[in-house]
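Given the structure of chain A, go ahead and fit chains B and C onto it with the hints provided.
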Amino acid sequence: MSGPGFGDALGGDATPTTSYVLRVNGEARLIENAWIGENLLYVLRERLGLPGAKDGCGQGVCGTCTVQLDGVAVAACLIAAATLGDREIRTIEDLDNDPETADVQRALIEAGAVQCGFCVPGVVTSVCALLARVAEPSEVEIRRALDGHPCRCAGPHPMVDAVRIAARRRVPRQTHSTMMFNVIAPPTSGGAE
Amino acid sequence: MIGESTPRPDGDAKARGRFSYTGDLWAPGLLWCVLVRSPHRHARILGVDAGAAYAVPGVRGVVTAADLPAGACHGAIVADRPVLADGVVRFAGEAVAAVAAETLQAARAGAAAVLVSYQPLEPAVDPEHAFAGPPLHPDGNVLRHIALRHGRPVRVRRDGTPVEEVVVEGLYEVPAQYQANPATDAALALPSPDGGVELHVATPYPHADRDQVAECLGLPAGMVRLMPTGAGGSGGSREDVGLTTVVGLLALRTGRPVKAVLDRDESLRAGGHRHAARMKYTHRADRDGRLLAVEAQIILDGGAYAGVSPEVIGRLIGCAAGPYMVPYAAVDAWAVRTNNAPAGAMRGPGAVQVCFAHEAQMDKLADALGMDPVELRLRNALSTGTMLTTGQVLDGPVPVGAALRAVAEAAPPAAPPAPGTLRGTGYAVGLMPLLGIEGADESSTATVRLDGGVVTVTCAAVEVGQGFVTLVRQIVDEVLGVPDAIVLQAGTALPTAGAPGVGRHTWLTAGAVEQAAREIRERLLAPVAARYGMTARLLDVRDGRIRSYDGLIDLPVDVMYEDTATVTTAGACRAPSTEPLDDAGQGNAYPAVAFSACRVVVDLDPELGTIRVVDVTGAYDAGRVLDPAQARVRVESSVAMGVGLALTEDAESVWAPPGPWDVPQVRVAAWIEEPQPGAPFGAKGLGDAAIVPVPAALAAAVRNATGLELPRLPMRPRDVVVD
Amino acid sequence: MDATILMPLSLDEAVDALARDPRALPVAGGTDLMPRVNAELVRPSALVGLAKVADLRRWGYEDGFAMLGAGLTWARLADADLAALVPALAAAANEVGTAQVRAMGTLGGNILASGRPADSLPVLAALEATVSCRSPGGVREVAPHLLEPRSGPIAEQLLRPGELITGVRVPLLRGVQEFVKAPVGAGRYLTLALVAGPVVGDVRCAVGGAHPGPVRAFEAERWLAGRMDARSGRLSDARDAADFGRLVADEVRPEAEQRAARAHLRHVVAVCARRAVQRAFGG
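Chains as they are written, first to last, in numbering that gives the first Met the number 0: chain A, 0 to 192; chain B, 0 to 722; chain C, 0 to 282.
The following block holds chain A by itself, in its conformation from the complex:
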């Protein structure tokens, strides 16, 4: 597994570096002498030994690097880690401790969404963020929340099914909080979809 065992051999003037503190999974983690252009995904995987978020593209397209930033699903590869300040990062390693997460994971497995599995930690992270925000998401909300998670092994539908399964199971345990949030209408412009 990746670990902080190797220092930055670069240094020098060519590579601007910095040291900073990140709040990851409830802990303050010191990042020392890191290149300023390092994305959050690299820092999590290679400096902090958290390989749960995957590196699938570095372009914010594949969704495998999804983590939560202040509770919202974001692409870690699109975030300059050194500029995050005190925002709270949660990764699959920590989400995995929540009983709510287990529901989501089970639902994904049951729905057949877990095949090669490379996209799955990211999907779990997005679904947990969605269900924490909207207890009973509509079809449109589910698809919008998952529109950054293309899946080559199972297509999109098993994961959409899984969100429905997880939401259905979870609702009795939670108070409804949908009132606080907008239901986003499906895109209607641009003619037929």
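Check the hints yourself; a few may be wrong.
To be verified - Pulled from the structure, derived: some chain C residues nowhere near chain A, Cβ distances all over 10 Å: (1) S9; (2) G114; (3) V138; (4) V141; (5) S235; (6) G281.
Stated by the list, open to error - Computed footprint of chain B on chain A; a stretch qualifies when at least three of its residues, placed anywhere within it, have a C-beta under 8 Å from a C-beta of chain B: (7) 49-56; (8) 88-97; (9) 107-116.
Don't read these hints as lab results, they were simulated from the structure.
These numbers were taken from a predicted model, which means no experiment stands behind them.
Note that CB positions come from ideal geometry on N, CA and C, so glycine has one too.
For chains B and C alone, coordinates are given in the frame of chain A:
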């Protein structure tokens, strides 16, 4: 149990983010490897200067072709591809050198500092130029040519009157399709104390890779240990042997562990995609809609190196006329060398491309005859006992008609077309040869060990995400009544099981596991049966109980295991034997063939040219559905991949797999369960056959809505605008 | 050694930081910058992180204008309150990228985005909004619709070295706002924003994705205004929408390398413009 949905044994670890893919592996003292790739499609290498790279802080090693044994080449069929380009580069993205450094950034900086001087040469980009152009490789430009000639032209009827022919022609094109495996290719190499190297790669071909890597490194095969790691998806090709070799070489040179993970852009350029195809077809039929002849010239763009192109041509040739009875066929198929990235095997290799063409031809023919397209297909459909144009008589189930009827009779989508859109419906049927072809003589082995009621299965087959580990558990459950077998991958410790895909593991590995498990069952059940004056065959193991045929014996399954410490058995399964195709493309080359039919309904915005896929209904020749949930997933993913090829995925769009808005949930009109003789439980692999008709049916639907000819994929908005 | 990462707490500190090191790159969401950094197309020497500048995420309205902080994300712009203030921007926000990009991508970042901007800029140009560019010397208001959309990267025309986009000032309109987005292949989109009101005869239309900047169709707008009934604000003829579409396409002339692709883009612009008018005026 067979026929029931079973959870994946690796599902939990994957969902929790605890499953390790190659990119997640780490070792103390790890170095990162970055490749130096050619920006030119075709160029002479005048020199490589690594001096500046060594000056980059953190760089520990740089290798070029000069560091490998002379002529270190690899290739699945012909070893024609240099590990690192030697003197000449033949595609943009070809690896020329590799750098190992303490960090990824240092390795990237080092790679950027390697100075390669190129003399650009004229690239051969158009596959049709391969015939006349100068050879791009000492082996020449034609990777394989089959000139299939089958039957005789029908010119007169039985009563001597001349046949009135209806002739349709067409020129079709299918682009290269990028595998877009979720995890890009990666490799980790650890130097061994004996001077060898241990490689961790997510390859579907561990044995072939090990042998090729050893050969390229100049090491005996025994000094290269190859451990398959978790694979982040596989559309067919994965893990370039060249990358694995380079990482191994750097580990040997530096004495440190070395890891490489391709970035997405490299992965796009590195090859392994579906072959681009150009196809010219002529179909002849009589006035009653009976096919008389299919003539075709088909060129596949193999890219710079042979790869699996010769095999893809062998598969394609039998599919080129479609799942129809054709009295006369003259099909020439070539795979040629170009200065494009080398192609690989992607789900439904060869079959997907020709299906797009032959099904467009069938629709044209129906149109010319004024016939219903489904009726025309049914009139010509292959059935058991009929012959492919390769001369092979189909002795297994051939449910072409049943599959087509199932999708044609399924209820149309309930929702009316969206306002302002045109609705279109299209049909397609396809066929796909399963398993290794043309005398591949494949087999797979497995061992099953029973220890105090715990079953451990070890097989050489590799799980790449397709779910065969689930299948192994189901078989053990079915035979031994133990639901939670541990499935281990032997890597190269057992003889090769071949790569996943083309239904190989559903047949061969499943067969090996079944045989081994049955032997344990016979051994353990015999004493139990003997106690009651019965034989093992009169007992049934199910739901944790052993029951006799007459219900008089009903025991917990544990009694089977109580007197036995450990039993280990081995099983093997061999594919039906086949022969290479002859010069005329004739021969019993295919162990088995699978079929599928598909109906697609689209709503098209005729002004903007945007296509919404409203409904996909499929019927699948499954032999037997071993796991309904897994079968669904295979079909869903094939449809998504097929929709991508038809609408969004081409070289220009780089990487645009369909998202949740782009594909409807597949409606399965029928799982056709006619058992395949010789296959374990009668089951056939699903994924390859399922994708074959999807792009063709989608194109047919858009043609139906627009009246446009649409001879090429993908169908871009500007191609389908109706003024 | 110069500081390589600065995390200013206020707008003043942020612009001071950028003024001291004009090569420093401001980072808000990172969704436009980081793909280029990851691909090594950009190698920043210093970054000014804007996460702690709360002023960038403020919004409000006064004197007929909405003031939107440059740090507002797409997801926030799509929320009900901001959607009520500037409906076309919310419509554009809803059609951006993926959930992860909508969560991080900001208004300011999008205004400066590389490529052919197709999201916020056509909306801002149609609304005749102004972009606030701040430096230690003060604030400059730049109107995107007055820039030259065909002459190179819009960011270079909009912003001077050392300046920071702090927000936009958008006129609050009572009229109709339409936003249309159409895929044109190879991952490219064309967008069109149409604004009508608050007074009869006031029509504005801008096209994104066709050129480096948003293109206003001033002549087509004037023509359409002339076709409006002075009292009802309705169009004189049902064919006006289609004619308007053609005029917009003629005026915008989208760029593409191949002629066939250019013709298709023109066609799409005409269709989008016609549909926007039909939606706005009915019929």
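Hint by hint, here is what the structure shows:
Every CB of chain A is more than 10 Å from the CB of C:S9 (nearest about 14 Å), matching its label as outside the interface. The non-interface label for C:G114 is consistent with chain A: the shortest C-beta to C-beta separation is roughly 13 Å, beyond 10 Å. In this structure C:V138 is separated from chain A by more than 10 Å, as the shortest Cβ-Cβ distance comes to about 24 Å. No beta-carbon of chain A is positioned within 10 Å of the beta-carbon of C:V141; the least distance is around 25 Å.
Non-interface status of C:S235 relative to chain A is upheld: no Cβ of that chain comes within 10 Å, the nearest being about 25 Å off. In this structure C:G281 is separated from chain A by more than 10 Å, as the shortest Cβ-Cβ distance comes to about 16 Å. Under the rule that three or more residues need a Cβ within less than 8 Å of chain B, the assignment of the stretch 49-56 of chain A holds, with 7 such residues. For a cut-off of 8 Å, the count of residues in the stretch 88-97 of chain A with a CB near a CB of chain B stands at 4, and the three-residue condition holds.
Three residues within the 8 Å Cβ limit are the bar, and the stretch 107-116 of chain A against chain B gives 8, so the coverage statement holds.
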